[in-house]
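S.K.: So the protein sequences, as listed, match chains A and B.
Heads up, the numbering used here is the position in the first sequence plus 8, with the first residue counted as 1.
Heads up, the numbering used here is the position in the second sequence plus 551, with the first residue counted as 1.
Everything labelled a hint here was simulated from the structure, so no lab data went into it.
Glycine included, each C-beta is placed from N, C-alpha and C at the ideal position.
There's no promise every hint is true.
With the C-beta cut set under 7 Å, the calculated list includes, among others, these residues of chain A facing chain B [what the hints assert, rightly or not]: (1) P31; (2) N33; (3) A38; (4) S76; (5) P86.
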Amino acid sequence: MTDIFKKEDNMNWTAVCSTNDIPPNAGVCALVDGKQIAIFKIDNAVFALDNFDPFSGANVLSRGIVGSLEGELVVASPIYKQHFALATGRCIEDENESIAAYNVKLDGDTVLIAAEAQAAA
Amino acid sequence: MSGTTRLVVVGNGPVSHQFLETLVESGKADQFSITVFGEEPRPAYDRVHLTAWFETRKAESLNMVTEGFYESHSMIVHNDKKVSSIDRANKVVSTDCGTTAEYDVLVLGTGSYPFVPPVPGHDRENCFVYRTIEDLEAITEASKNGKIGAVVGGGLLGLEAAKALHDLGIKTHVVEFAPRLMAVQVDDGGGKLLRKKIEDLGVSVHTGKNTQQIIDGDNTTHKMCFADGEELETDLIVFSAGIRPQDALARQSELDIGERGGIVINNNCQTSDPSIYAIGECALWNGRIFGLIAPGNEMARVAADHILGGAEDKQFLGADMSTKLKLMGVDVASIGDAHANTPGAKCYTFIDEQLEVYKKLVVNEDASKLLGAVLIGDADDYGTLLQYALNGIELPEHPEAMILPSLDGTAAAGLGVDALPEGAQICSCNNVTKGDLCSAIAEGTHTLGDLKACTKAATSCGGCSALVGQVLNAELAKLGLEVNTDLCEHFPYTRQEIYHLVRVGKIKSFKELLEKHGKGHGCDICKPTAASILASCWNDYILEAEHAGLQDTNDRMLANMQKNGTYSIVPRVAGGEITPEKLIVLGEVGKKYNLYTKITGGQRIDLFGATVDQLPVIWKELVDAGFESGHAYGKSLRTVKSCVGSTWCRYGVQDSVGAAIDIENRYKGLRSPHKLKMAVSGCTRECAEAQSKDVGVIATEKGWNLYVCGNGGMKPRHADLFASDIDTETLIKYIDRFLMFYVRTADRLQRTSVWMDNLEGGLEYLQNVIINDSLGIAEELEAEMAHVIGTYQCEWKTTIENEDKVKMFRSFVNSDSGDSNVVFVQERGQIRPATDEERELGKDLIAVA
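Excised from the complex, chain A in its bound form (with noise of 0.2 Å):
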């Protein structure tokens, strides 16, 4: 097992959903310690970053549409369209407020959740 194996196996996961609760390409949002959580699957891949879009001060990133920019993979704010990485919360138009990312998993169908922020973790 590697390290990261092992720094998750460490993390307290909660599972919110299963996979075909989130529609195709696209968010929804979890609540995991009363903390809103945006989950997004692309394909076959899950993401979970802050619901809370500093621009705006709404709770909106999960209904905005995930895509790609040069190869990264991101979601647009549906309020003021700026983007987000899913991968890391970098906010592409404007670093400085770039939101947290969230270690995420699946145990089959289910969407596991560690509310830590990676950053924090």
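For chain A, the structure is supplied; the task is to place chain B on it using the hints.
M.R.: Positioned in the frame of chain A, the structure of chain B alone reads:
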């Protein structure tokens, strides 16, 4: 008053206005204190398009003065005041009602007056001229009590007046002294063909008629008696037999006047008194009067430059009098020496009596240069021929090929714009040269719409718009600027190309489109574009699993997202007509869910503040009460606004509400490149503001007038009159074709107004495609529209009937709670989103109902 130099302008017509605009554009208008006198009751209006008054019968539609123009430069404007004398010694002008103004510089833009032949009876009742809005109002009034009208004069303006009478629904006669129509511009052959075309429209033409007297008619108001013994009975008479310079004021002030009238000016547009200028139709330069707008505007610019100190060193050196226009639906163009008066000139003539086309070239002795031309029935070659004539470009070896139809189907070789010199005047109305266009392009103006806005080329008569487009394309190619028209990094195609790929390849999903024609994962540009195209073509339910993730913010939840992540709901209220019962339902739903309610500009009711999970619950109630989706969230038809129309209104002439409801129900749900707004007005008073819509319909006594490509909003555009007095069936047919052609060819998020501004060939081209089916696609467009109409579904009804779809509207995939971040405060008896400060204070906050 602002400046120190006192500038007085006498006459407030289009040319005087051009003069004032030139001063303002120079940025130096504030050096002057400006006073303007006009004898008409209103400030400058577009006399060139006077006949367009009949479309709306409102003076405002011809107004040339932008709001605040006079005020922001402290100009004093006197309407309805005629200047009666100039005291040149003391430099003061006075009006007949005693108003005076002192001047340092005086500009006379007094225009012209219509020539009325001094035949006995010319001053009888119901005899008119055709120059001012008041004249048109009087003619319209008289036409109500008459059945027959006669226009004296078969020139350019006479034929315009004849069209106006014909459109007013009275039997129309044109009486011309010369042996042919448009004697100045057109030769015998062209005149003959023009006459035939006009007679085909039902207008009677009488040439070679010298009116001797006008007396009481036997069955009508008047009888016109001609020198050849013939007579014509008519109820009203419009004199349009040419113009005379309005030089009375100058004459009385003892300025130099030409032998046959006109205020003599030099190349600076100065009269014999150097502190007095004359511009426009009242001015006589080199023995000539110029009765067209382009030379008038040029004089205005020259005079302004000279008064400002001659920084641009402009001079008036005469003007080209070539013209191209549509007279009663007939294309007529005349260039340069149309009558071959130049010694040694030779002609080539081509007549096609079958298609009713007449073309003539006048060339110099060795057939190397073009001196003039006449085109009747088909004036497409005007732009090219005019450039040959103006710039002395060497003609090809066989000049006749330029007017002969090509028999092998290939288009005749046009003149490449590269052959034009920098100084070639492309737009004569606004004096824009090829060089002006090239420098604007070099400075970064790269679309046709922007180029027109920035240089003003093709913004007056529009005759040069194709040529402007060619210069743009040629220059972009030369600059090595390959304009990237790719939709985004995932698709190397324009929206129009993707539309064709989808349509022709019968592509039914984004996945398939991406696999066949794109790369990567798509993005928030190409996904909604593809979703819109797929919906326009196949009209599937937009929240099908394979489409849902493509939809833009609002389409995804079938509601309009607001700044705090909540949504507003707009049920369809077709034509703005709603029963009291339904109004009560909206009120009760608003009250039950504590929604903020507001009346929209499109005559419906918007309910704000619903969270995602409330949407299906609220819509269940609305659908049960008989409401359906209003598509306020979609790039699709929004509303068809209407006034109350003939069923209630004292003035209405058609049932505008009924028509609006039918139109709204026909096109509801149609996905398009951008939102579509329409309106139907029940009479010419236009209370539904149809001329600011993508599709506007205005009732006439005979049917409907159709307007297209208008816009309110950020960049207002007055809609263009597309077709007049059409019946309902034709109206619907044209709208079907128009909408589908727009869906097919527009760019992403391009409203019809911008689409039109960028369409090469503009309105005329669009009319050809839609009305004359010049591309042979009309049937296809109608069939495509029929498919969309036949497959309409209320997206909300489909959604609430499908449990899986309702699940998409949960706030959280793993919880039934709501978004605690959404909080409101109370204002004027309703909720609104709390501001950051109010959230921090935490007082009187309201959570979601």
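S.K.: Hint by hint, which ones does this structure get wrong, listed from lowest number up?
M.R.: none
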